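Visitor: Residues per chain are reported as follows:
Protein chains: 2
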Amino acid sequence: MLTIFFKAIDKVVFLNEEEKATLTTLFQIVNVDKGSFLLKEGEICKYEFFILNGLARTFYINEQGEEHTSMFAFSGWWTGDLISFQKRSPSKNYIQTLEQSTVLRITHSAQADIFKLVPKLEKYFRILFQNRVVALEEALEVRQSQTAAEVYHAFTKKHAAYMNQIPLKHLASYLNITPGYLSRIRSQKKY
Amino acid sequence: MLTIFFKAIDKVVFLNEEEKATLTTLFQIVNVDKGSFLLKEGEICKYEFFILNGLARTFYINEQGEEHTSMFAFSGWWTGDLISFQKRSPSKNYIQTLEQSTVLRITHSAQADIFKLVPKLEKYFRILFQNRVVALEEALEVRQSQTAAEVYHAFTKKHAAYMNQIPLKHLASYLNITPGYLSRIRSQKKY
Numbered sequence: 001m002l003t004i005f006f007k008a009i010d011k012v013v014f015l016n017e018e019e020k021a022t023l024t025t026l027f028q029i030v031n032v033d034k035g036s037f038l039l040k041e042g043e044i045c046k047y048e049f050f051i052l053n054g055l056a057r058t059f060y061i062n063e064q065g066e067e068h069t070s071m072f073a074f075s076g077w078w079t080g081d082l083i084s085f086q087k088r089s090p091s092k093n094y095i096q097t098l099e100q101s102t103v104l105r106i107t108h109s110a111q112a113d114i115f116k117l118v119p120k121l122e123k124y125f126r127i128l129f130q131n132r133v134v135a136l137e138e139a140l141e142v143r144q145s146q147t148a149a150e151v152y153h154a155f156t157k158k159h160a161a162y163m164n165q166i167p168l169k170h171l172a173s174y175l176n177i178t179p180g181y182l183s184r185i186r187s188q189k190k191y
Numbered sequence: 001m002l003t004i005f006f007k008a009i010d011k012v013v014f015l016n017e018e019e020k021a022t023l024t025t026l027f028q029i030v031n032v033d034k035g036s037f038l039l040k041e042g043e044i045c046k047y048e049f050f051i052l053n054g055l056a057r058t059f060y061i062n063e064q065g066e067e068h069t070s071m072f073a074f075s076g077w078w079t080g081d082l083i084s085f086q087k088r089s090p091s092k093n094y095i096q097t098l099e100q101s102t103v104l105r106i107t108h109s110a111q112a113d114i115f116k117l118v119p120k121l122e123k124y125f126r127i128l129f130q131n132r133v134v135a136l137e138e139a140l141e142v143r144q145s146q147t148a149a150e151v152y153h154a155f156t157k158k159h160a161a162y163m164n165q166i167p168l169k170h171l172a173s174y175l176n177i178t179p180g181y182l183s184r185i186r187s188q189k190k191y
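Sequence lines, in order, name chains A and B.
Take 1 as the starting number for the first sequence in the numbering used here and just add one per residue.
Take 1 as the starting number for the second sequence in the numbering used here and just add one per residue.
Note that these hints are calculated values from the structure, not bench results.
It is possible that some hints are incorrect.
Here are the simulated lysine to any residue pairs, SDA-like style, with alpha carbons at most 20 Å apart [said to hold, decoys possible]: (1) B:Lys123 to A:Ile114; (2) A:Lys92 to B:Leu136; (3) B:Lys46 to B:Glu18; (4) A:Lys116 to B:Lys92; (5) A:Lys87 to B:Lys46; (6) B:Lys158 to A:Ser89; (7) B:Lys87 to A:Ile29; (8) B:Lys123 to A:Ala154; (9) A:Lys120 to B:Leu128; (10) B:Lys123 to A:Phe14; (11) A:Lys116 to B:Lys158; (12) A:Lys120 to B:Phe115; (13) A:Lys11 to B:Lys87; (14) B:Lys92 to A:Tyr124; (15) A:Lys11 to B:Leu136; (16) B:Lys46 to A:Ala112; (17) B:Lys123 to A:Ser109; (18) A:Lys40 to B:Glu137; (19) B:Lys92 to A:Gln146; (20) B:Lys123 to A:Ser89; (21) A:Lys7 to A:Asn53; (22) B:Lys123 to A:Ala112.
Partial pick of chain A residues on the chain B-facing surface, computed with a CB cut under 7 Å [to be verified]: (23) Ile83; (24) Lys92; (25) Leu136.
Model, not experiment: these values are computed from the prediction.
All C-beta atoms in this analysis are idealised placements derived from N, C-alpha and C, irrespective of residue type, glycine included.
With the hints as constraints, model all of the structure from the sequences given.
Guide: Below is the structure:
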């Protein structure tokens, strides 16, 4: 069950069996139904999550009462609300599973212990956060300079394996366009 | 000269004199005039920069030929184009000093050595990138939910010590409003 988790870490640092055992004690495995909320607006995010299997989306509700999807998390991805988790402040986001999912979760205090108990993970998380900075900056750049159709084609190319898991209404919300406009983009040939 | 640099690191990890000496060999100190470019659009970002003294801004030029300021870097801050630096891809940004500045710079290959030579820096950079993820996500949230006036007041509160260094036209560009509208915000009482 944890194979996908240790595989993700092994890409960066080699953990021995003892370190893996230690790490296992810091996390809990949770099975959640499709449509469950890992986090709701106003709550302080108690956990960081690692998706072992399944799919989750992060969204917020704007002043007009509309849902806006800001992120998808696929199998092998981390999710959570880092601002709320780090600052112990109420979250502005919801995180909801889009299918039956199995997730690892770690509390704030266990997170603080992780680096004392398994110092090698500094490198793993340094690279994880570094990549997340790059991804966030790319997302900002892309939205500044590309059309919705271009963003859609780049997204489908990057996440081809997961495309049939994502309901179109959430994809449209992520692209900040209407479902009708997304259908038009999808019916056009990619040029 | 390097005091501010080692002070920033010392907040997170304690480096001994040998480690500080090693680190010093990996960086170059450069003095740059006001208005100099640390990076131009189309170049591959060769360095990450640490501002010892001075001020820099990152901006890009949109399709209408307008400059948009996306970030300021004050004394004690890192700057650069992480996407271009990591992926060796042409940058979409300019980085320009707004006053005479002294900066530390490190090349891509020296960056790769840093963690072999001073492994303690994994923790420093893990926390640096973690904080940058939080800051980027906050900036996104703020822009989604706050008015320009609210963003302005939050920015001036957070960076009070630096406010007289920033030309208003660049601040307006950062807030994505006209200089005239920024003047109106500044002339209104904060409620």
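Visitor: None of the hints should be skipped; say for each whether it holds.
Guide: Against the structure, the hints:
A threshold of 20 Å between alpha carbons decides the hint, and for lysine 123 (chain B) with isoleucine 114 (chain A) the separation of about 12 Å falls inside it, so the pair holds. For the given pair, lysine 92 (chain A) sits about 15 Å from leucine 136 (chain B) by alpha-carbon distance, which is consistent with the 20 Å threshold. For the given pair, lysine 46 (chain B) sits about 27 Å from glutamate 18 (chain B) by alpha-carbon distance, which is inconsistent with the 20 Å threshold. Between lysine 116 (chain A) and lysine 92 (chain B) the CA atoms are separated by roughly 39 Å; this puts the pair beyond 20 Å, and the hint is violated.
Of the supplied pair hints, the one linking lysine 87 (chain A) and lysine 46 (chain B) is violated, its CA atoms being roughly 34 Å apart against a limit of 20 Å. Only pairs whose Cα atoms come within 20 Å are accepted, and lysine 158 (chain B) paired with serine 89 (chain A) is accepted, the gap being roughly 18 Å. Taken as a hint, the lysine 87 (chain B) and isoleucine 29 (chain A) pair is broken in the structure, with Cα atoms around 35 Å apart against an allowance of 20 Å. Of the supplied pair hints, the one linking lysine 123 (chain B) and alanine 154 (chain A) is violated, its CA atoms being roughly 33 Å apart against a limit of 20 Å.
The hinted pair formed by lysine 120 (chain A) and leucine 128 (chain B) meets the criterion: a straight-line CA distance of about 17 Å does not exceed 20 Å. Of the pairs offered as hints, the one joining lysine 123 (chain B) and phenylalanine 14 (chain A) holds, with about 17 Å between alpha carbons and a cut-off of 20 Å not exceeded. For the given pair, lysine 116 (chain A) sits about 32 Å from lysine 158 (chain B) by alpha-carbon distance, which is inconsistent with the 20 Å threshold. At most 20 Å may separate the alpha-carbon atoms for a hinted pair to count; lysine 120 (chain A) and phenylalanine 115 (chain B) meet this at roughly 12 Å.
In summary, the hint linking lysine 11 (chain A) to lysine 87 (chain B) is supported, as the alpha carbons are separated by about 18 Å, within the 20 Å threshold. Of the supplied pair hints, the one linking lysine 92 (chain B) and tyrosine 124 (chain A) is violated, its CA atoms being roughly 28 Å apart against a limit of 20 Å. With a C-alpha separation of about 26 Å, the suggested pair lysine 11 (chain A) and leucine 136 (chain B) falls outside the 20 Å cut-off, and the hint is violated. Restraint check for lysine 46 (chain B) and alanine 112 (chain A): not satisfied, since their Cα atoms lie roughly 34 Å apart, outside the 20 Å limit.
The suggested pairing of lysine 123 (chain B) with serine 109 (chain A) holds, with an alpha-carbon distance near 17 Å, which does not exceed 20 Å. Under the criterion of a C-alpha separation no larger than 20 Å, the hint pairing lysine 40 (chain A) with glutamate 137 (chain B) is consistent with the structure, at around 17 Å. The hinted pair formed by lysine 92 (chain B) and glutamine 146 (chain A) meets the criterion: a straight-line CA distance of about 13 Å does not exceed 20 Å. Straight-line distance between C-alpha atoms of lysine 123 (chain B) and serine 89 (chain A) comes to about 24 Å, which puts the hinted pair past the 20 Å bound.
For the given pair, lysine 7 (chain A) sits about 14 Å from asparagine 53 (chain A) by alpha-carbon distance, which is consistent with the 20 Å threshold. With a C-alpha separation of about 12 Å, the suggested pairing of lysine 123 (chain B) with alanine 112 (chain A) holds against the 20 Å cut-off. With 7 Å as the threshold, the beta carbon of isoleucine 83 (chain A) comes within range of chain B, its nearest partner Cβ sitting at about 5 Å, so the hint holds. A hinted interface residue such as lysine 92 (chain A) counts as satisfied when its beta carbon comes closer than 7 Å to some beta carbon of chain B; here the least separation is about 6 Å, so the hint holds.
Taken as an interface hint, leucine 136 (chain A) checks out: its beta carbon lies about 5 Å from the nearest beta carbon of chain B, inside 7 Å.
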